[in-house]
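Enquirer: Go ahead and model the full structure; you've got the sequences and the hints to work with.
Protein chains: 2
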Amino acid sequence: MSGWLAIAGLGPGAPELVTPEVTQALAQATDLIGYAPYVARVSERVGLSRHVSDNREERDRARLALRLAAEGRRVIVVSSGDPGVFAMAAAVFEAVDCGDPSWRNLDIKVLPGISAMFAAAARIGAPLGHDFCAINLSDNLKPWELIERRLRLAAQAGFVIALYNPLSKARPWQLGRALALLRKELPEVVPVAFASAVSDAKEAIDVTTLRDAVAERADMRTLVLIGSSQTRLIARPDGSPFVYTPRSAGVSP
Amino acid sequence: MSGWLAIAGLGPGAPELVTPEVTQALAQATDLIGYAPYVARVSERVGLSRHVSDNREERDRARLALRLAAEGRRVIVVSSGDPGVFAMAAAVFEAVDCGDPSWRNLDIKVLPGISAMFAAAARIGAPLGHDFCAINLSDNLKPWELIERRLRLAAQAGFVIALYNPLSKARPWQLGRALALLRKELPEVVPVAFASAVSDAKEAIDVTTLRDAVAERADMRTLVLIGSSQTRLIARPDGSPFVYTPRSAGVSP
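One line per chain: the protein sequences are B and P, in this order.
If you're matching positions, the first sequence starts at 1 in the working numbering and goes up one per residue.
If you're matching positions, the second sequence starts at 254 in the working numbering and goes up one per residue.
Quick caveat, the hints were computed from the structure, so don't treat them as lab data.
Take the hints with a grain of salt, since some may be wrong.
[To be verified] List of simulated lysine-lysine pairs, DSS-like, C-alpha gap at most 25 angstroms:
(1) Lys109/B x Lys455/P
(2) Lys202/B x Lys169/B
(3) Lys455/P x Lys422/P
(4) Lys202/B x Lys362/P
All values derive from a computational prediction rather than experimental measurement.
Expert: Below, the structure is given as structure tokens:
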């Protein structure tokens, strides 16, 4: 039987947000590869070898997956959320681009998942109802100046902004700097949402304003959504507010 | 039994891309509401009333859904892709914001889906592997000048750009104008993908360059992805190329 490689998204956490396509691929795979907490989300079964690795080792993980598929194994690499969004898909294609030329003919598929951004948005309403962007706030792989430039242009464009990887122990100051920059570009009343561990037992979602947003609220499992000047709150007597961005944002920021 | 309203994403087309969460909600609903082609994707069953409407009637559809939920019905509004992305979720919250104050206390949930953008990206590789944005090219609800401004700023920011609603009979020239504008901002060799009807029987995906992209290739079911200056092709002797954007885009456009 010839090998294949599937790069699959497990969604934000809840099993009911894993697509049947991914469930089927997991059932057929011989080898499961990923960052330990994501591999732990997949049930063990006979015939499925598990290869766990640390967070920073995307490159080695991608090369292992490609080598195993080339040997005829049925390999699934798992990411949280969608694998194409700041996750393993790009790492695998980088490895293909720079690696053994025969890897280009492997059967490689990307299986989309529910991204953190859309799962978080769904929990609070429809904050991404108008044009939006996603920025990885990690400066491990790009210069901080480029991130600042993108934040500024995104705010000037009137995009709602989803910030991935906002804060970690190794990157403690980046989100604070980003919020300070955005306060110069956007009204201070713009809604900001911190959405952590969406759809699993530790889920915590806080809606505040750009003025009151505190960077330290975030951690590695938090997605931060910054509204545009058009984003609105709907107060609810019996619960937390709905947040949405109208489809018709006629006013330039 | 008290009513509820779920605004659900059916994903791009294939049943195996519908989340179990959405499948469960469809099984419990009493009323199914949506644009006719999306309602047609849900199997008929006894006890589920179907309310179909035309594409342009989002506002009436949202108000009908809210009225029925307020009457104690279990209502599901379906969108293609993700309901929070240029789809029904924002329309419903607009209706809540402007409608009967009692609607604010309804049990309203958004159930995320696999968006057209991520489904299309998955089919060709990892074009969204770096920072990206999504722009609705329809000028029905925002001035064309704002769309041009956003395209220009997005290109200057180095975002990969996903264009929703690129072309329709009522909006025949917008995508051509957008491509002409982007040719002034980006290298002409930037990869461009036209992804139509992803994951269903009529799926058609073409990868070209910004120089050679022809607007008329698109229709209402097409998502257009515009690469950044960093987006790369991996040629494959045996098939269409992989398209990806490396995680480390150190160079400002």
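Enquirer: Now, for every hint given, state plainly whether the structure supports it.
Expert: Tested hints:
1. Lys109/B x Lys455/P: Cα-Cα ~19 angstroms, so holds.
2. Lys202/B x Lys169/B: holds, 19 angstroms
3. Lys455/P x Lys422/P: holds, 19 angstroms
4. Lys202/B x Lys362/P: Answer holds: Lys202/B to Lys362/P is near 19 angstroms, not above 25 angstroms.
Of the numbered hints stated above, none is contradicted by the structure.
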